[in-house]
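*Asks:* Take a look at the letters that make up each chain.
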Amino acid sequence: MCCGFCGRWGAMNWLTEFYNQNSTIINFIGLNAILGLSLYITLSAGLLSLANAGFMGIGAYTGALLTIHQHWPLWGSLLAGGLMAALLALPLGLPVLRLRGVFLAIATIGFGEVVRLFFINWSFAGGALGIVGVPQETRWWHIYLVLLALLFFFWRLRRSRMGYALEAIRQDEPAARTMGINTTFYKVLTFVLGAFIAGVAGVLQAHLRFIVDPGDYGFARAVDILVYAVVGGMNIFIGPLLGAGLITVLPEVLRHMKSWGIQPGPDRQLINGVVLLLVILFLPRGIVSLFDWRPGRRPRWPLFRRAETRASRT
Amino acid sequence: MAEQQIVNGLFLGSIYALFAVGYTLVFGILDILNLAHQAVFMIGAFVALELVLYEHWNIFPALVAAMLAGGALGVLLYYVAFKPLRRRPDTYFSGLISSLAMATIFEAIALRVWGARTSRFPLNTFPDRSYQIGNASVTLLQIVILVVSLLLMLGLQLMVRRSRLGKGMRAVAENERAARILGVDVERVIIVSFLISSALGAAAGVLYGLSFNSVSPDMGRSVELKGLSIIVLGGMGSIPGAVLGGFLLGITEVASVAQLGSSKRDAIAFIVLFVILLIRPRGLLGRATVREV
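In order, the protein sequences belong to chains H and Y. Going by the numbering used here, the first sequence runs without a break in its numbering and finishes at 314. Going by the numbering used here, the second sequence runs without a break in its numbering and finishes at 1293.
Everything labelled a hint here was simulated from the structure, so no lab data went into it. Since the model is a prediction, treat every value here as computed from it, not as a measurement. Hints may contain errors.
[Unchecked claim] In the SDA-like style, the derived pairs of lysine to any residue whose C-alpha atoms are separated by at most 20 Å in a straight line are: (1) Y:Lys1083 with H:Val275; (2) Y:Lys1264 with H:Val275; (3) Y:Lys1167 with Y:Asp1031.
Build the full structure now, drawing on both the sequences and the hints.
*Replies:* What follows is the structure in structure tokens.
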């Protein structure tokens, strides 16, 4: 089990120990951060999508079925799961994203519900029981490799043409359109990219947990994903990482508070709701804004549509 | 057979319409989608159930009590989730998130108080009587539900069209700032709208719980999708549109369940929604406004 280094380096030993004790939570922090980022990209164009739980489910089913029936390697399933989700996002996003933002929220709530119903009634994939016995192929470094790639992508995105376009769309869509930005194109692109990332997260999750449970990709999951992205802070890509870490660790901390009358199971939802509400009311830029140490920057309360933009300062 | 389906569709549609009217009322006035509406619907059903089951109330006073509780929840919702955001430039966006948070909180509370299982009204809640109209048979419950929801919607329509408060509502919906300048008490109009919207949502919850005789913390989920489809179908913010859309969806759903089987039932609403967004996004009775500033 242990490699030769452990004996010589205590730190390594300690790390292995730490991982063995907390592997579940370490894996889920990474996974939830990926999910948070899948929504972050849509949010960064000022769009609220509640379909990412559904896309995650599509990815999970696609990946699990390919692995079980076609014996695909994990990377193949990952790619296929992401592409499948993106493929389904395109026809959903195209007609809806021409319209006002509120229609996306409506259409994605509907889509999530339909995806859930479809999986429950899909007897080939186990119906309401889901798929059992997915080979456990996901290792922690698969998750963190994907996460690292995403973080690099989002870091590069900020100063790119597309990054500026998204920033402009978020702050004032009609103005962005007037400046010649193809707003519909970018909105559809972010929506499809978000679906792809959520699909990949779904494949990773399916191969981590042995089972694919259709009840796992419903409304509660959609709210979870929103909480990761919003609580961390939706203006910068570190936000979802922070939010996922905090919200994933929170139930573990609360487990030690049972004597206070807190039940970790049913109250998780309550805590999620309360945290989400408090953050959107009092800390709209997320907990990231607490760490905004740069001099000369006062806290900026309104989230979007500020006159001062990153683009105009460069 | 066809008559029976129309009767069932009208009756189901009246509940949907009652639910959707609440959605559309708040959207029409504030331009905000209240995603906690479905949670108020669910809590309304539970309040009535509790009163009938444990306090042995008659169903009609219980319905009124549920509406009052729903209305109170609506006002609470406004003060907690919407009012603090009103000055922000991104009200619509953060309003979606805060109302979603409130829906999650309400649902978690219901889960804790009443448990995840499906609760039922006692058997003698309503006299089990049915009548024959032509080739269709109608239960007394169906007639009462249809009449109650039609009366409530008619009352709302009269209020919005005829009363001074209704005039204020229409004025705020048209242009909030202008209404304020002309002396409309905007704050009061908004609070009353939330109150009425949520009371109607709670009433719809009670009627829905009665007609399917099942009340559970997640009962709002599938109805939420239907309500959203209906307001898009009818035109966002249009009350007559929501009523029309509700009945259309009810009848479509009943007819398609007869044709395709009940597992497809909940997908119908989504298909309707998608087709409308594709071919006529402003809905049947909606106005083609270019707002977006």
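*Asks:* Each hint: holds or not?
*Replies:* Structure-based check of all given hints:
1. Y:Lys1083 with H:Val275: Between Lys1083 (chain Y) and Val275 (chain H) the Cα gap is close to 18 Å, so the pair holds against 20 Å.
2. Y:Lys1264 with H:Val275: 36 Å, violated
3. Y:Lys1167 with Y:Asp1031: 17 Å, holds
The earlier numbered hint that this structure contradicts is number 2, and it is the only one.
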